[in-house]
Amino acid sequence: MSFMSLINVHNLTKTYGDGHTAVHAVNDVTFTVDKGEIVLIMGPSGSGKTTLVTIMAGLLAPTSGTVIIDENDITTLTKQQLADLRLTKIGFVFQSFNLLSSLSALENVMIPLIISGENKVAANNKATQALTQLGLASRLTNLPRDLSGGEKQRVSIARALVNDPPIIFADEPTANLDSVNGQRVMEILCEVACTKGRSVVVVSHDQRIKSMATRIITIEDGKFLHEEKGGHDEWCTLHGKGTS
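To convert, note that position 102 of the sequence shown is 102 in the working numbering; the numbers rise steadily by one, no gaps.
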């Protein structure tokens, strides 16, 4: 197996139960993600998309198979090593937001920066910039309970991007946004891939994202069904971003 790609998924399987009751949420899936790619994972509800990306991000252990990130097999890492890898190499956008209810939007976005050793002034500045880029400059001090669903999702996205990780995983990032904000979120993810060479893996039902993706992978019943080329390179050229 080649390690040239930033992410290598090889024979990945996640099984719940055993014997006749076994359910293969992910079933022997293999593919790669290169630097600067946006890979869109699509499929019907219950097809295993979220399980797949959660395993790839080191948040769930597979039953078998490997996930190689930057030549490290994350399935063999300790909990602390996984935590360090997620902090330095991975940003994750959760469909359910996963914001701390007692912290403001700004404080939630500052968390990965503080853990990484940034001083509070620098972390504040970077988090403010990330939130402002997503149209939340007037919501910095709001607690999650005072934010709409779409605003909470944008805070989650800002938190994923703020540490400038080489890999972004996004589970239905536009699901709780209106069409205008959803479009802007995807444009930001595209810009990250085009101009900074970040790898972005997106789980989504949104057909519009196909025109922004490098490749579209479809899975069904946990299995790799087919792959097609997206319009990412054309999007980067059209918007004057260039490709990394």
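Just so you know, these hints were derived from the structure itself, not from any lab. Certain hints may be false.
Claimed, not checked - List of simulated lysine to aspartate or glutamate pairs, DMTMM-like, C-alpha gap at most 20 Å: (1) K196 x E227; (2) K210 x E172; (3) K210 x E191; (4) K35 x E227; (5) K120 x E191; (6) K35 x D18.
What the hints assert, rightly or not - Ranges between beta-carbon positions, derived for each pair: (7) L238 x T63: 39 to 49 Å; (8) N142 x T76: 22 to 32 Å; (9) L87 x G197: 46 to 56 Å; (10) Q80 x D233: 22 to 32 Å; (11) P44 x N11: 36 to 46 Å; (12) T78 x D146: 36 to 46 Å.
Just so we're clear, the structure is a prediction, and the values are computed from it rather than from any experiment. Note that beta-carbon positions come from the ideal geometry of N, C-alpha and C, so glycine has one too.
Hint by hint, here is what the structure shows:
1. Distance hint between K196 and E227 is unfulfilled; the C-alpha atoms sit about 25 Å from each other, more than 20 Å.
2. Our distance criterion of 20 Å between C-alpha atoms is met by K210 and E172, whose separation comes to about 13 Å.
3. Taking the CA atoms of K210 and E191, the gap is about 15 Å. The hint holds against a cut of 20 Å.
4. Of the pairs offered as hints, the one joining K35 and E227 holds, with about 18 Å between alpha carbons and a cut-off of 20 Å not exceeded.
5. For the suggested pair K120 and E191, the alpha carbons sit about 27 Å apart, so the restraint of at most 20 Å is broken.
6. Distance check on the hinted pair: K35 and D18 sit about 37 Å apart at the alpha-carbon level, beyond 20 Å; violated.
7. Against the hinted window of 39 to 49 Å, the Cβ-Cβ separation of L238 and T63 comes to about 42 Å, which satisfies the hint.
8. For N142 paired with T76, a C-beta distance near 41 Å fails the hint of 22 to 32 Å.
9. For the pair L87 and G197, the beta carbons lie near 20 Å from each other, so the given range of 46 to 56 Å is not met.
10. Checked against the hint of 22 to 32 Å, the C-beta distance between Q80 and D233 comes to roughly 39 Å, which is inconsistent with it.
11. Take P44 and N11: their Cβ atoms lie about 23 Å apart, and the range 36 to 46 Å is violated.
12. Between T78 and D146 the C-beta distance comes to about 38 Å, which sits within the given range of 36 to 46 Å.
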